[in-house]
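Colleague: As a plain string of letters, each chain reads:
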Amino acid sequence: MILIICPNCGRRNAQEFRYGGEVNPRPKQPLEVKDDAWADYLYMRDNRSGVQKEWWYHQAGCQLWFLAERNTQTNELLRTYLLDWS
Amino acid sequence: MSLKLIRQAFTNTPPPRMWHQPEFKERYDVVIIGGGAHGLACAYYLAKEHGITNVAILEKRYIGSGGSGRNTTIIRSNYLTPEGVRFYNESVKLYEQMSAEFDFNVMFSQRGHLTLAHTDSAVRTMRRRAEVNQLQGVDSHLIWPDEIKKLCPPIDVSEHPRYPILAALYHPPGGIIRHDAVVWGYAHHADRMGVHIHQLTELTGIRVENGQVVGVETNRGYIKTGMVLNATAGWCSLIAAMAGVRLPVTTFPLQACVTEPLKPFLDVIIVSGSLHVYVSQSDRGELVMGAAVDPFASYSMNGSLAFTEGISGHILELFPALSHVRILRQWAGLCDMTPDYSPIMGFTPVKGFVVDVGWGTYGFKASPISGKTMAQLIATNSTPDLIHPFRLSRFYENDLVGEKGAASVGH
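Chains A and B, in that order, are what the protein sequence lines are.
In this text, residue positions in the first sequence follow the working numbering: the first is 1, and each later residue adds one.
In this text, residue positions in the second sequence follow the working numbering: the first is 1, and each later residue adds one.
Each hint should be verified, as a subset may be incorrect.
Label-pair restraints from in silico Cβ distances [said to hold, decoys possible]:
1. A:64 <-> B:349: 35 to 41 Å
2. A:28 <-> B:244: 23 to 29 Å
3. B:244 <-> A:24: 17 to 23 Å
4. B:159 <-> A:20: 36 to 42 Å
5. A:5 <-> B:131: 45 to 51 Å
6. B:164 <-> A:20: 30 to 36 Å
7. A:13 <-> B:402: 32 to 38 Å
8. A:27 <-> B:397: 18 to 24 Å
9. A:77 <-> B:274: 29 to 35 Å
10. A:85 <-> B:159: 48 to 54 Å
11. A:85 <-> B:23: 57 to 63 Å
12. A:13 <-> B:214: 48 to 54 Å
Pairs of lysine to aspartate or glutamate, EDC-like flavour, derived with a Cα cap of 20 Å [to be verified]:
13. A:34 <-> B:399
14. A:34 <-> B:397
15. B:150 <-> B:317
16. B:4 <-> B:103
Where chain B lies over chain A, by a calculated footprint (3+ residues, C-beta under 8 Å) [stated by the list, open to error]:
17. 15 to 21
18. 32 to 44
19. 73 to 79
Just so you know, these hints were derived from the structure itself, not from any lab.
Source: prediction; values computed, not measured.
Here a beta-carbon is modelled for each residue, glycine too, at the ideal position from N, C-alpha and C.
Next up, chain B with everything else stripped away, as it sits in the complex (with noise of 0.2 Å):
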């Protein structure tokens, strides 16, 4: 990488296109609504692993426009249930290897992440959470406010706090990374493999023949195919209705502010599940902070007076010395919320027609798993183990797997 640059700053070429602009074709085997981290990353392992390239993906704007470019990075794998933090698990091994498979630098970095206790029953959470994820494998114990103090000198351990902080579940290869790094460089690998990438192409329609889907019709025309991917999140309810398929899925908004770029200062990641806060520092010295979904669902992606009032009470508590910190900007992103707080992944009544939706607030760090595990579910045409808790029909068959280690979620 570095040669690259350094051979193209003396010879004054402007650097390749990371992904091209192609035609539409007339017929492609997979068709993939959603140009976000997951639907880029299931096209790259098509490609990669299956030899599948003859791939479209359809992004009604840019690239990692919607939920991938919009969280807050935070990498981990210390969920509560055994399905997911064995499916979260294979996701961080694979992110731990993406700069050097990608050969781009996606900035992974892995420091450290703290889930704050503030109530016995939030330890005995914790300590649960601690035991099932030593159970998978998973580096993740409990400390105490001493350690605490230690590894993050500015937090507030005292009593003096109205809820004061308890214990910590400490996870220390939970990381964060440059998300948008993370789109380009799937999106780069898949187009130089074949795959390709259409922006600014919304789906209008996707048509149904005898419980088969034949082909999706956009805005720029219609496509024939037998497959499409639903992987766009927020919106997934209204593609999926296009094919008439109804999902257990309510669209929250999620916001999330930075504050202006102070000098290091947080070395680790701090959450802390009941005061509905995340909090970490990024390359560029802000402080990149998150909460909880919105309390009424909305397509809406306008912030609100009530989240930066409420999160920057919630850090003060936490870190009394940002009392002078400004908050720079703030957005939102919209969360798929599925009823037990776990994604639906593989296939639907319609043949043809498989989802990889219900992301809710934990979609991003899951990309690349799931990117994988779709793609070998697309390409051999059956469910792989690692996915089968995920699947649609566990809402028919009583089978919910209640993932409350989820992000933003009281305990």
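Looking at chain A on its own, in the form it has when it is part of the complex (with noise of 0.2 Å):
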């Protein structure tokens, strides 16, 4: 993986970009989380295999976090877009 698609900038060389991990959802209701619950959403994580959905951040650019679609195995990366907010 040499270029990585900012979804503000377009094609851009990797090394502008850092890796933000994979998607790891925060509990809706932090309040009524138990703690083992939350040690699961701090550490655990499915390191897939595979097509993964996976946060990049544009640091040496627009500084724009983004998500991504990246195949783990091959470093294919099958899309960027943005967070849909709604």
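Starting from two chains that each stand alone, build the complex the way the hints lay out.
Modeller: And the structure:
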């Protein structure tokens, strides 16, 4: 993987970006979550071999956080897109 | 060993097989997933110290084909946390006895290990590490540029580089070893004691009934067993998922490379946390170099230009004389990184499914002691004190270890 398509800036050198880890949704009701579930959220990971949904950050560019789908076996980047806040 | 060699030379008989290719048994007492140094060492100690020989090792490819054959072979115990130092020091002691124990030369060369400090904060960390190490009885102390230059003449200790060398943590027992020989030694002796090594055997499922492991499915058929050890490093999350266990592990590739062979040039092992580089010279004369883990998680073991560019720049900053030396080959291994840079050893919520994973960038040097303690854990069904800090439940008990003295970790 040499190039990454930033949803804002387009095709850029991968070294401008920082990897943000697999998508790991934060519990919706933090106050009601038990300690074990917090530990699961904080530490436990799927660590998928295959297509993974993950965060990327355009650190040396527009500083946008965005999502990507990447095959972790081949590093093929399938698509990059913005989080749908709705 | 030498007498055996001479006899074989004169009698024209082929040397006996190091290990055999046995048929599957219907049932094994213990099934170890992963034929690397950790899995093999565990089988060796299960047989040797606990008399448990009905053991199978399942290896997807050939033994030592993962991290055990891809690391940069550095053995040391100058870690940062007392838990880490105690643990790795036991490992160094076992490595020191290994050639005699195996009657097989693993070429362990304790040539001294220097961790360079390029900033004031790094010097402080090194001081702290030296104190922690000495408290645990490990030979480790701080030295200054004049002594560094004496131990390693080709290094540039001047003020010219962008990150001048201010001091180094000197660890005389640190050394390098022939990693394939370690794997073969364990495999040979485990095999002789009755352990079955099944290569080209891939795990496809783990059968769990009422929270207890009852067997494993492979591409060669089903095996009954009540105890499965996951020792699969970079692939450990996938194996654990077969038993329904989630692990706090992310797999990152770690790249390394060697240069063309040179005449003896570098006696000691040089490591720089700030420059993310470690280098030693092998017995063949190649400089073996490694860096930090790749910047993003992946199961791909492809090399990258970013790595060769980065490591060349950093090596030249330390050794300007190497500017005309060419890189011969590069490779990558998969590292199972944990949030606190410490391994995960011990029981899981599934009965009969134990893990020896999360070894990240520091697994090879721990092989003997992890094998020994995991064998003890399996045989006695209780966690030895030495590895109690590394249990999986620490993540639920807010008791992380925080081992930032690990390789390729910035300080």
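Colleague: Against each hint, give a clear statement of whether it holds in the structure.
Modeller: Status of each hint after checking the structure:
Between residue 64 (chain A) and residue 349 (chain B) the beta carbon distance is about 39 Å. The supplied range of 35 to 41 Å therefore holds. In this structure the hint that residue 28 (chain A) and residue 244 (chain B) lie 23 to 29 Å apart at CB holds, the actual value being about 24 Å. The beta-carbon spacing between residue 244 (chain B) and residue 24 (chain A), approximately 19 Å, falls within the hinted interval of 17 to 23 Å. About 38 Å separates the C-beta atoms of residue 159 (chain B) and residue 20 (chain A), a value consistent with the hinted range of 36 to 42 Å.
Under the hint 45 to 51 Å, the C-beta atoms of residue 5 (chain A) and residue 131 (chain B), about 49 Å apart, fit the expected range. The hinted window of 30 to 36 Å between residue 164 (chain B) and residue 20 (chain A) holds, with their beta carbons roughly 34 Å apart. One distance hint, 32 to 38 Å for the beta-carbon pair residue 13 (chain A) and residue 402 (chain B), holds here, with the actual separation near 34 Å. A C-beta distance of roughly 20 Å is found between residue 27 (chain A) and residue 397 (chain B), which places it inside the suggested range of 18 to 24 Å.
The hinted range of 29 to 35 Å is satisfied by residue 77 (chain A) and residue 274 (chain B), whose Cβ atoms lie roughly 31 Å apart. A C-beta distance of roughly 52 Å is found between residue 85 (chain A) and residue 159 (chain B), which places it inside the suggested range of 48 to 54 Å. Checked against the hint of 57 to 63 Å, the C-beta distance between residue 85 (chain A) and residue 23 (chain B) comes to roughly 59 Å, which is consistent with it. Checked against the hint of 48 to 54 Å, the C-beta distance between residue 13 (chain A) and residue 214 (chain B) comes to roughly 51 Å, which is consistent with it.
Distance restraint check for residue 34 (chain A) and residue 399 (chain B): the Cα-Cα separation of roughly 17 Å lies within the 20 Å cut-off, and the hinted pair is therefore satisfied. Note on residue 34 (chain A) and residue 397 (chain B): the hinted pairing holds, with a Cα-Cα distance of about 13 Å set against a maximum of 20 Å. For the given pair, residue 150 (chain B) sits about 18 Å from residue 317 (chain B) by alpha-carbon distance, which is consistent with the 20 Å threshold. This hinted pair checks out: residue 4 (chain B) and residue 103 (chain B) have alpha carbons roughly 11 Å apart, not beyond 20 Å.
Under the rule that three or more residues need a Cβ within less than 8 Å of chain B, the assignment of the region 15 to 21 of chain A holds, with 4 such residues. For the region 32 to 44 of chain A, the assignment as covered by chain B holds, since 7 residues bring a beta-carbon within under 8 Å of that chain's beta-carbons and 3 suffice. With a cut-off of 8 Å between beta carbons, the region 73 to 79 of chain A has 3 residues touching chain B; three or more are needed, and the interface restraint holds.
Of the hints listed earlier, there is not a single one the structure fails to meet.
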